[in-house]
Each structure stands twice: as structure tokens, then as C-alpha cells.
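Chains as they are written, first to last, in the working numbering: chain F, 348 to 432; chain L, 67 to 293.
Hints in this document: simulated from the structure, not taken from any laboratory.
Where a beta carbon is used, it is the ideal one built from N, C-alpha and C, also for glycine.
Watch out, some of these pointers could steer you wrong.
Quick list of simulated restraints, FRET-style, between CB atoms [what the hints assert, rightly or not]:
id: 1; chain 1: F; residue 1: VAL412; chain 2: L; residue 2: ASN104; range: 45 to 51 angstroms
id: 2; chain 1: L; residue 1: ARG92; chain 2: F; residue 2: LYS381; range: 58 to 64 angstroms
id: 3; chain 1: L; residue 1: GLY199; chain 2: F; residue 2: ILE396; range: 53 to 59 angstroms
id: 4; chain 1: L; residue 1: GLY76; chain 2: F; residue 2: ILE425; range: 31 to 37 angstroms
id: 5; chain 1: F; residue 1: LYS411; chain 2: L; residue 2: HIS226; range: 24 to 30 angstroms
id: 6; chain 1: L; residue 1: CYS178; chain 2: F; residue 2: ARG349; range: 28 to 34 angstroms
id: 7; chain 1: F; residue 1: VAL368; chain 2: L; residue 2: ARG92; range: 48 to 54 angstroms
id: 8; chain 1: L; residue 1: GLY238; chain 2: F; residue 2: ARG349; range: 53 to 59 angstroms
id: 9; chain 1: L; residue 1: GLY279; chain 2: F; residue 2: LYS357; range: 38 to 44 angstroms
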Amino acid sequence: MRVRILVSFKESVLDPQGQTVKNALLTLGYGFVKDVRQGKVFEIELDGITEEQARRAIPEIADKVLANPIIEKFTWEILTEKKKV
Amino acid sequence: MKFGVVTFPGSNCDYDTFFVLRDVIRQPTVFLWHKDHNLEGVDCVVLPGGFSYGDYLRSGAIARFSPLMQEVREFADRGGLVLGICNGFQVLLELGLLPGAMLRNKHLRFICQFVHLRVDNPETRFTRRTRRGQVLRIPIAHFDGHYFSPPETLRELEEHGQVVLRYVDEKGEPTEAANVNGSMASIAGLINRRGNVLGMMPHPERASEALLGSEDGRLIFESLVQP
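Next comes chain F alone, as it looks inside the complex (with noise of 0.2 angstroms):
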């Protein structure tokens, strides 16, 4: 089983790497973009647990390691076969 997580900054706080390609891309012409905010993705896979122990032990892992949840949030979710890279 693989899951993905994504973490990303909370909107309270500011993200100047997330600027920083907002402005380039405006500069590039793409005028449209309104926001950009910049994340880490982590695929993790997982071995000899249920899918519902699994749904338990993601939120753990993000909330204790993956991200600090002073200045991070995160979403997760089970890869199925056809989203795998």
C-alpha cells in the first residue's frame, strides 16, 4: 500500500519560497496565477497492516514527524494502482 502526504504551510504564515515563484511566474507572463504556496510531498510505503490501520497510523506520522504542526498542515490519501508514479 503507498500512501502520499502533502505538507504545506499553514495559511497564517508566510511562505516566501511560495512568493518567490508566484513572482517569476508573473514575470514570465502568466499573469493569471494568483498565488503560489510551496509544499513537501512524501510517499511512503507501507507493509503488513490493514487499510484501516493504516488511516490511524498516517495522521500520526505526519502530526509527530513529517510535519511541524506550529507552522505546517497536511493532507494525505491511499494511492490506488493507477495513481502510483
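Since chain F is already given, all that's left is putting chain L on it; use the hints.
Chain L in isolation, oriented as in the chain F frame:
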């Protein structure tokens, strides 16, 4: 006073810190290894600068889970003295011994330069050799030193005098230009409510001998040693 300097894989200020404590301040000093569970009876644990575990994930995020840090947490909970310098400060934030988090510097550059710091609380175990408002000249060297905390946390820190050091200009004014990394409230150094855990981004060990351009950093170590 017996000091212990922690070495993580990727620490690179551990020997400088060890040298200053043993040879400049002249106190018994040992290295503590991140995989051990033994604090060797030290009175003060120093978490040095560097890039622990490559600073992969986030600065200080992996070091927080090392075996020794569990001992350091209990040591701090018992009132033991802990000083986190630069990466050590980041580890203390990740561990939750100090509130808040570090973001990338405001201009997205690694900054390595002398800065001016104002002592806003000289009544701590780490600053009692200084005067209120005294301006210290100590270098910084970091990428992630942009201090962040939610407004209510910031308010509490200010109310309890926990902001010990602020980035200021040479006259002691916390101007925007002097706040080189963009830290909230120009915060350069923080102490916990109990007063036994201090984190600071500037490197006092790099400013402890006249030969290196400043001796102001020594005041931090000497404050700890003073009976």
C-alpha cells in the same frame, strides 16, 4: 560547573563550543554522544550549532528523536540547565522545550555575519553577567532563523520576559534592517518559563576571544558559571 556538549551526526560547532568551555571558560567539559542514554552527571547540556542529520525534513526535526534527547528532555524537566545554540535552538523548538518554530530567513539566503543583540532580560541563569539593554556583538550563521510563533504565544513570551535577546542596530534599536532574518518581534534568544532552557540563534562560542573579533559571547558562558 560540568558541561556536556552534544554531538549529533552533522554537528559542526561542537568542538568550538567544547574548546571555549574547557580552555577559555576553564570548566570541566565532556562530549555527549547522540546515541547514548547517559548525561554523565553534567550540570549543563549544550546543544551546539551545525546541521544535525543534514537538517533533512526540517532543521532539528530528526535530532529531536535521538536517544540522548529523551534524556535531555527529562533533565530539563527536572530543572537541569540546557543551552541550545543555532541548530541546538532549532532542536529545542522541535522538541517542544521552547515554543514556536523556525522558518527560512526572510530573504531566503544563508546569513553569516556579526549582528548586534540587545539583552532584554539580564535576570536569567544565562545572562546574569549582562545589564538590561546591553548590546552584544555576536555572529550568526543560519538559513532557518526566522522565528515564528502564533500571536497568543508571542504575547505570553513578552509578558513573562522570555525574550532574552533581540536583533538590534548598534544603538540598541530593534529596526527592521537589523532584524536580518525577519524574526517575529526581532527574537534572537528565548528562555522557557522556568528559566532553565535557553535557545539562541547567534553563536557565543564564536565570540569568546578577542582574537576572533568579539568577547561578548563569553558573558553567556560566564553567567552560567558564576556562583
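We went through each hint and held it up to the structure:
no. : hint                                     : in the structure
1   : F:VAL412 to L:ASN104: 45 to 51 angstroms : violated, 25 angstroms
2   : L:ARG92 to F:LYS381: 58 to 64 angstroms  : holds, 60 angstroms
3   : L:GLY199 to F:ILE396: 53 to 59 angstroms : holds, 57 angstroms
4   : L:GLY76 to F:ILE425: 31 to 37 angstroms  : holds, 33 angstroms
5   : F:LYS411 to L:HIS226: 24 to 30 angstroms : holds, 28 angstroms
6   : L:CYS178 to F:ARG349: 28 to 34 angstroms : violated, 41 angstroms
7   : F:VAL368 to L:ARG92: 48 to 54 angstroms  : holds, 51 angstroms
8   : L:GLY238 to F:ARG349: 53 to 59 angstroms : holds, 55 angstroms
9   : L:GLY279 to F:LYS357: 38 to 44 angstroms : holds, 39 angstroms
Figure legend: structure checked against the earlier numbered hints; hints not met, in rising order: 1 and 6.
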